[in-house]
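Model the full structure from these sequences, guided by the hints.
These protein sequence lines are chains A and B, in that order. Residue 7 in this note's numbering is what sits at position 7 of the first sequence, and the numbering runs on without skipping anything. Residue 1345 in this note's numbering is what sits at position 345 of the second sequence, and the numbering runs on without skipping anything.
Worth flagging that the hints you see were computed from the coordinates, not collected in a lab. Treat the hints with caution; some may be incorrect.
Covered by chain A, according to a simulated footprint, are these stretches of chain B (three or more residues, beta-carbon under 8 Å) [as the list claims (entries may be wrong)]:
hint : stretch
1    : 1290-1300
2    : 1403-1412
Listed below are the simulated SDA-like cross-link pairs for lysine to any residue, each with C-alpha atoms no more than 20 Å apart in a straight line [to be verified]:
hint : chain 1 : residue 1 : chain 2 : residue 2
3    : A       : LYS111    : B       : ALA1329
4    : A       : LYS111    : A       : HIS149
5    : A       : LYS75     : B       : PRO1409
6    : A       : LYS17     : B       : GLY1132
Partial pick of chain B residues on the chain A-facing surface, computed with a CB cut under 7 Å [as the list claims (entries may be wrong)]:
hint : residue
7    : ARG1135
8    : PRO1138
9    : ILE1139
10   : ARG1210
11   : ALA1304
12   : ARG1307
13   : ALA1329
14   : MET1337
15   : VAL1370
Backbone N, C-alpha and C define an ideal beta-carbon position, used for all residues, glycine too.
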Amino acid sequence: MAGFDFFRQTGHQFTPKTSNGALKALAAHILPAEAYVYVATSTRPLDEEPYDIDQIERILGRENLDIDTNLLLMKILERLLRRPEQEVALFAAESINLIEGRYAKRIEDIKEGLDESADPGSVRELAGLYSELSRLYPPHSSLRGFYLHEAYRWLKSLRDSGQFGAEESLRLIRVLIDLGLYDQAASEIANHPIAAGEDREILLLEAEVEFQRHHYSRIGELCRRLDEHSESLNARERSMVECWLGVDDS
Amino acid sequence: MTRRARVCLILEGSYPYITGGVSSWMHELITEIPEVDFVVYSISPKADQKIRYQLPKNVVEHRDLVLSSIRRSRRRSPDKQKLFERIRDFHTNMEAGASADFTSVAELMPAGYYPYRDAFTHDVGWEMIAAGNHRHNPIYPFSDYFWAWKSAHDMLFTIIGTEVPEADIYHAISTGYAGLAGAVAKIRTGKPLVLTEHGLYHKEREMEIRRVRFIRGYQRDMWIKLYDGLSRLAYQQSELVISLFEYNRRLQIELGATEERTRVIANGIDIERFSSVERVHRDGFHVGLVGRVVPIKDIKTFIAMSRIVKERYPDAEFYCIGPTDEDPAYFEACRTMVKSFRLEECFHFTGRVEVTLYYAFLDVLLLTSVREAQPLVILEAYASGIPVVATSVGNVGELLDYDERFISPSKDPQKLATAVAYIREHPNEMDGIVARNRQKTIRFYDRREVFKSYLEIYESLRGGQ
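Right, dumping it as structure tokens:
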């Protein structure tokens, strides 16, 4: 049986870069099964240092990345920006420009369409894009604030046009919290079409707002109601609830 | 009476069709060395482009080579079998990172011979393509590989097959296709080749290729290797390899340039113009950025920094000095940001203006670019007597004496604002730094000295013939 380091043994062998490529090569009898095992099991988390620049680039090469991927990439790129190797820092800066540029292009395309007709769907999408963009930047940064204000502006225009549903309301609450406008967020929660007790997401947002407003007695009550939804809470949400309740996990 | 020297400038995708840093430099080089006749040999992606510069009188010939054109062969190779064997050896050595003999390849490819078809109809050529496919692309259709290979190589055949203009010296202003044309000219005519790189061609192309969605997998690797190979070839064939700063010179050496044949000639500025700027005190605190409003200059970071500075110094004013029409969507986004930050009253987009009017009163010059080579605006500010804060790109470190107080990572408005505030808070210390930088610029970055160096290079190479 061939050793797992056989890729290093010859410089002239086809070396697949992805597990998909290795699988195809295996199916075509170009490479043995060990090649597939080697490539498919050699993957490691993207944000594990030292960073694999090739892998980051491969992902950046895809146009329609979701927000979670973009957030992960931004976290890595922010760190790479501070690396002393100029080329790595340059790569990071240009990659951030690329991610932002993609959002800017989509925003530009929607805005051009809006000149002809103010379609609520487009305005909704615009607000969503700005709010996603804001999340790419660190809290309290000016750029984050700018994009949050833009998201707020478009959500407000949606409300003014009477096209404001539960989903937009949730987004607006999130934007208001991120802008630090907790009283406004509380009033938006109070006016939300779905009563807070019935919706896990609203409960979480309300608890976050009350925590920021230092209304600790109210948080206890909200967290107890959240307990009814405990099975649907993810790990992050559960740890937030524990934090609000002051649970010591040591 | 001695005949005037004739220098063939080989350019790719720049002068006289595209405006910008390299093209301006080219135009100045030609203008500032009137004792030399220049032939401008432009390698362009397409035909019939509009000339953007008034060609100086000492441009005695302007010839275009359109990369995308397919030409009919007028001549044959003296020995096709030998030619393809040499090409095979050349590729084998290049892939192994060994010294590859391009001279014997070029000697077997006379001007007027374009092996667009021979490259794949000849047995050796075909075997090379098939082996390349097997090594790099065995799991995808062969036709993908073949057409990718052909589109990459046809342009090389066009360059190699085209007759070069006559000259005493060939001067390529980048590696890549211009460097290849220079190498071919040198081999065919025996005349010396000089190479000046403003950025690093292969690095810039690599960055572009990695960003392009339609070039993927082995095709991406193929193009990157091709451009690396072209740079290595130009370095090997050049009598002199010139870079703008030390960091790039080291990268050239890493890719095969011989250390003794490399030299740094920094770009310079019009010292008289900028050192004669009469500084006038204007109330308030004035921070300016000179550059186009485009993402690469990262104007958004400038605006974000302005907001931080404005909170601390309410009398601060900000000037974005440069054209705004290159990327209208980006400009619009910047204007929205200025409005959103409520900076409309104090943040000014000047458009295209005479920069010295602003150098007269700016308190700080800021550079927020994510990519630069040797930014001349820093030198202009120094000569005018203005302190500088900049992102750590290209040659900025060297120009700012690696003083961390004034250098920031890219996209860090907080660090930039801290540096700007430091300048405001330490006027006496800054007076000394400004005076030193001014002296340094006058002494080492005089444009006339730069072009004098080039004239000396031309004279010495011509004298050696």
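What are the numbers of the hints the structure violates, in ascending order? Hints that this structure does not satisfy do not exist here, as all of them hold.
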